[in-house]
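There are 2 protein chains.
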Amino acid sequence: MTANNLSIGGPRPSGLVQRQSTLFVQTSREVSGEDPSLNAQLLTQAGFINRLMAGVFTYLPLGNRVLSKIEGIIRSEMLSLGASEITMPAMHPKEIWEQTGRWDTLDILFRLKGQGDRDLALGPTHEEVITPLMAGFIHSYKQLPTAAFQIQTKFRNEARAKSGLLRGREFRMKDLYSFHLDQADLDGYYEKVADAYRRIFERCGIGHLTYYTAASGGAFSKYSHEFQTITPHGEDTIYCIPNTKIAINKEILDDAEAIKEILPAGISVQDLEEKKAIEVGNIFKLGTRFSEACKLSVSNATGGKQTVIMGCYGLGPSRVMGTIVECLSDGKTAPINTMVWPAEVAPYPVHIVSLARTIDEQQSGADQLVNRLASAGVDSLYDDRMEVRAGAKFADSDLFGIPVRVVVSQKAAEKGGVEVLIRGNNQSEIMSEDSLFKLIIGR
Amino acid sequence: MTANNLSIGGPRPSGLVQRQSTLFVQTSREVSGEDPSLNAQLLTQAGFINRLMAGVFTYLPLGNRVLSKIEGIIRSEMLSLGASEITMPAMHPKEIWEQTGRWDTLDILFRLKGQGDRDLALGPTHEEVITPLMAGFIHSYKQLPTAAFQIQTKFRNEARAKSGLLRGREFRMKDLYSFHLDQADLDGYYEKVADAYRRIFERCGIGHLTYYTAASGGAFSKYSHEFQTITPHGEDTIYCIPNTKIAINKEILDDAEAIKEILPAGISVQDLEEKKAIEVGNIFKLGTRFSEACKLSVSNATGGKQTVIMGCYGLGPSRVMGTIVECLSDGKTAPINTMVWPAEVAPYPVHIVSLARTIDEQQSGADQLVNRLASAGVDSLYDDRMEVRAGAKFADSDLFGIPVRVVVSQKAAEKGGVEVLIRGNNQSEIMSEDSLFKLIIGR
Chain C
1 MTANNLSIGG PRPSGLVQRQ STLFVQTSRE VSGEDPSLNA QLLTQAGFIN
51 RLMAGVFTYL PLGNRVLSKI EGIIRSEMLS LGASEITMPA MHPKEIWEQT
101 GRWDTLDILF RLKGQGDRDL ALGPTHEEVI TPLMAGFIHS YKQLPTAAFQ
151 IQTKFRNEAR AKSGLLRGRE FRMKDLYSFH LDQADLDGYY EKVADAYRRI
201 FERCGIGHLT YYTAASGGAF SKYSHEFQTI TPHGEDTIYC IPNTKIAINK
251 EILDDAEAIK EILPAGISVQ DLEEKKAIEV GNIFKLGTRF SEACKLSVSN
301 ATGGKQTVIM GCYGLGPSRV MGTIVECLSD GKTAPINTMV WPAEVAPYPV
351 HIVSLARTID EQQSGADQLV NRLASAGVDS LYDDRMEVRA GAKFADSDLF
401 GIPVRVVVSQ KAAEKGGVEV LIRGNNQSEI MSEDSLFKLI IGR
Chain Z
1 MTANNLSIGG PRPSGLVQRQ STLFVQTSRE VSGEDPSLNA QLLTQAGFIN
51 RLMAGVFTYL PLGNRVLSKI EGIIRSEMLS LGASEITMPA MHPKEIWEQT
101 GRWDTLDILF RLKGQGDRDL ALGPTHEEVI TPLMAGFIHS YKQLPTAAFQ
151 IQTKFRNEAR AKSGLLRGRE FRMKDLYSFH LDQADLDGYY EKVADAYRRI
201 FERCGIGHLT YYTAASGGAF SKYSHEFQTI TPHGEDTIYC IPNTKIAINK
251 EILDDAEAIK EILPAGISVQ DLEEKKAIEV GNIFKLGTRF SEACKLSVSN
301 ATGGKQTVIM GCYGLGPSRV MGTIVECLSD GKTAPINTMV WPAEVAPYPV
351 HIVSLARTID EQQSGADQLV NRLASAGVDS LYDDRMEVRA GAKFADSDLF
401 GIPVRVVVSQ KAAEKGGVEV LIRGNNQSEI MSEDSLFKLI IGR
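Chains as they are written, first to last, in this note's numbering: chain C, 1 to 443; chain Z, 1 to 443.
Keep in mind the hints are simulated off the structure, nothing from the lab. Among these hints, one or two may not hold up.
Here are a few chain C residues that face chain Z, going by a calculated C-beta distance under 7 Å [claimed, not checked]:
#1 Thr22
#2 Gln26
#3 Val56
#4 Pro89
#5 Leu112
#6 Thr146
Glycine residues also receive a C-beta, built at the ideal position from the N, C-alpha and C atoms.
Please take these sequences and the hints and turn them into a complete structure.
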């Protein structure tokens with residue numbers, strides 16, 4: 001065995017160059033009125049997504065990259081918590097849903113028939129799978145706490161699918177489940193997950209708009225928590241405590257006892273600020289609701305049997321993608337309202353636009369720049385189309401919303417560099433390639 | 001905007017350390033007889049997968065990592081072809097399947113009802129989605145050729161789901177679709193995809209067992225091709241041309257004309273070697289079968305309309321995972337038949353087994369080694385369990401089949417290093433940590 005066939009620990013791979021000349025997707029100036037939500041309109045116009053039917057979308061090349069970057073952020077934060085990644089099936093036998101009593105009560109469950117007329121369901125959530133799974137592996141208190149998550153396509157038979165990626169019938173979901181011996185351990189873990197969620201929304205660029213929102217709990221816990229991102233078109237209403245990132249939802253507002261418990265001294269209901277918001281995540285103490293139904297118990301230190309205590313934590317990457325568009329799009333750079341992607345979730349961190357009119361000019365100019373970026377490990381979207389007018393290229397670039405646009409042209413070269421526009425600003429500036437590299441990769 | 005919030009082009013991330021003490025999965029000495037296939041047995045025993053029902057599995061932490069590594073290899077080779085990655089929905093409206101006439105004829109199609117009694121299907125393949133999608137974007141011959149692929153969960157209502165990951169009702173699939181102006185262009189691309197497939201199977205460690213196998217084509221093309229990996233338990237039979245990696249399948253064997261065309265001069269049917277095999281991929285020239293049904297045409301250079309010519313190319317990551325187990329497991333290292341993962345698809349490239357009996361010993365020994373590996377960017381699985389006997393640790397290590405096992409113990413330290421076993425060999429050797437690093441990362 002040689003180092004070669006182990007092929008690990010090698011140098012950082014070079015960056016990807018996506019030439020627009022080979023991208024099949026076209027932007028469009030107008031989109032149909034089938035889904036009037038801002039995120040559906042802007043993502044469709046830019047060619048990031050395509051609607052197959054209500055609540056069901058294809059992620060096109062640029063949109064697929066955004067989604068996978070959001071999922072990458074979520075994955076890294078879940079792994080940092082020490083949770084193991086798994087992938088559970090989307091297709092479930094009826095029996096597991098009967099065991100918890102939800103086959104008959106969960107109206108958004110897609111039901112279907114398999115071979116031999118067998119009743120099946122498509123998973124909108126996975127307590128029914130993970131709890132028996134854990135019961136097969138966990139027998140002693142020494143194996144607790146533990147946690148597992150997946151990032152997966154889920155299905156909900158929504159009565160009204162709407163709002164683009166915000167409420168889909170088929171959507172992406174990260175679901176984390178944690179398992180504990182006692183309440184105190186769950187309580188501590190719950191706070192750690194809340195912190196991880198805050199880091200995720202921060203990295204996705206919506207941290208400053210996202211409120212930790214108390215909601216009603218269940219039989220086991222008084223409260224659960226939603227992460228609500230404020231935006232005028234949100235379908236939820238939350239009540240924010242001034243000068244904090246904390247809020248309560250409608251249920252809590254109507255619960256005098258909870259209000260008294262949650263609001264800090266000196267703050268009354270009248271002080272709360274009512275805001276529209278999108279629920280981008282929720283965390284929930286399940287207690288023994290599912291572990292009892294699925295017989296998940298462990299032997300404890302004194303030799304007795306103890307039912308395992310559970311928590312579940314949802315976060316939808318596709319909904320986060322829609323929320324970023326709803327919240328961060330603006331008309332600052334372009335004359336129209338356009339998407340603005342935070343660097344870490346942008347389909348590419350840099351959009352190189354060549355205005356070369358000959359192949360020679362392009363090869364000695366923009367081609368060199370994208371290759372140099374690739375060598376430094378930076379991916380780029382490269383508008384190398386020779387037959388498209390500069391105006392149309394700029395219009396496409398505005399629609400894509402990539403945070404840094406670099407125009408490579410004879411005019412810019414004569415002024416000593418390339419023309420760099422940081423999206424969100426309304427003014428571009430000429431800088432040398434070295435300054436551009438310093439800006440992008442810090443060296 | 002600062003370099004910080006662009007956060008790209010930074011140093012290579014450090015390697016992941018998975019401590020077995022925090023892994024919820026347990027290996028098992030025996031498994032149920034529900035699925036007697038070798039891959040189901042070995043993967044279940046090692047805790048890589050868990051069966052939810054026939055043909056439907058959960059990928060547990062180690063299995064999930066193998067699957068995602070296989071998918072990473074496939075993705076990189078598809079991107080090298082210049083194809084764009086997208087993600088199409090699993091859930092389809094009936095209408096798109098009626099347009100191609102397959103709603104009534106495809107018996108493995110899962111059918112279900114959505115809101116308003118709407119007929120829906122779960123996608124076993126995606127010609128019905130991608131062809132109309134392309135028709136919305138592609139209008140001129142200048143946009144051809146182009147290609148898009150996805151790696152996605154697919155569904156087939158198989159009459160008999162069996163053989164572990166080899167024939168599932170829910171499974172992972174990479175499907176690539178290419179679009180061309182004329183037959184010659186499709187033919188050339190088809191060969192390039194075949195080469196990419198050969199590289200994929202090579203990197204997955206089954207290249208030497210995989211035959212490029214002629215199968216019958218369709219209305220448009222005489223032949224399609226399967227990639228068949230030979231193994232005694234394969235459910236297909238192929239007929240191999242001696243001293244080549246080329247074969248024909250049963251259909252072709254029964255077709256005298258095809259035989260004459262395909263077999264090289266001097267080779268007759270009697271010379272062919274009959275072998276059992278698993279189909280790990282197939283490539284197919286669709287011609288205009290779907291582009292006609294879905295009205296995908298372009299204007300050509302002379303201003304006329306021309307129907308687009310298509311190819312489709314399937315490769316199942318989950319089936320490849322099962323095939324690797326079927327083909328590469330052996331009893332060379334361990335007294336029992338165990339999995340042996342090629343380095344590039346192993347859940348972790350290295351398994352560090354600590355035999356320390358005190359925390360101090362572990363901290364000054366194996367902990368240091370895994371940290372040094374992580375700093376070098378190498379992921380490792382780390383058996384840090386203090387309460388487990390050495391024998392049980394070795395048995396687990398055999399079941400996991402990670403290519404390099406490194407035992408850190410006082411005994412090995414006294415002999416001047418660590419004890420390294422390369423799986424597939426039957427003898428371990430003592431080497432210094434520096435030699436181990438040289439072996440693993442070549443420096």
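> Regarding the hint that Val56/C lies at the interface with chain Z, is the smallest CB-CB distance below 7 Å?
Replying inline: The hint holds - Val56/C has a Cβ within 7 Å of chain Z, the shortest such distance being about 5 Å.
> Do the numbers back the hint for Gln26/C, that is, is its least Cβ distance to chain Z under 7 Å?
Replying inline: Holds. Min distance 5 Å.
> Should the interface hint for Pro89/C be scored as holding, given a Cβ-Cβ cut-off of 7 Å against chain Z?
Replying inline: holds, 5 Å
>> Min Cβ distance, Thr146/C to chain Z: is it shorter than 7 Å?
In response: Holds - the Cβ of Thr146/C comes within 7 Å of chain Z, reaching about 4 Å at its closest.
> Given Thr22/C was flagged as interface, is its beta-carbon under 7 Å from a beta-carbon of chain Z?
Replying inline: This hint holds: Thr22/C lies near chain Z, its Cβ roughly 6 Å from the closest one there, short of 7 Å.
> Does Leu112/C pass the interface hint, meaning its C-beta sits closer than 7 Å to a C-beta of chain Z?
Replying inline: holds, 4 Å
Checked against the numbered hints listed earlier, the structure breaks none of them; every hint is satisfied.
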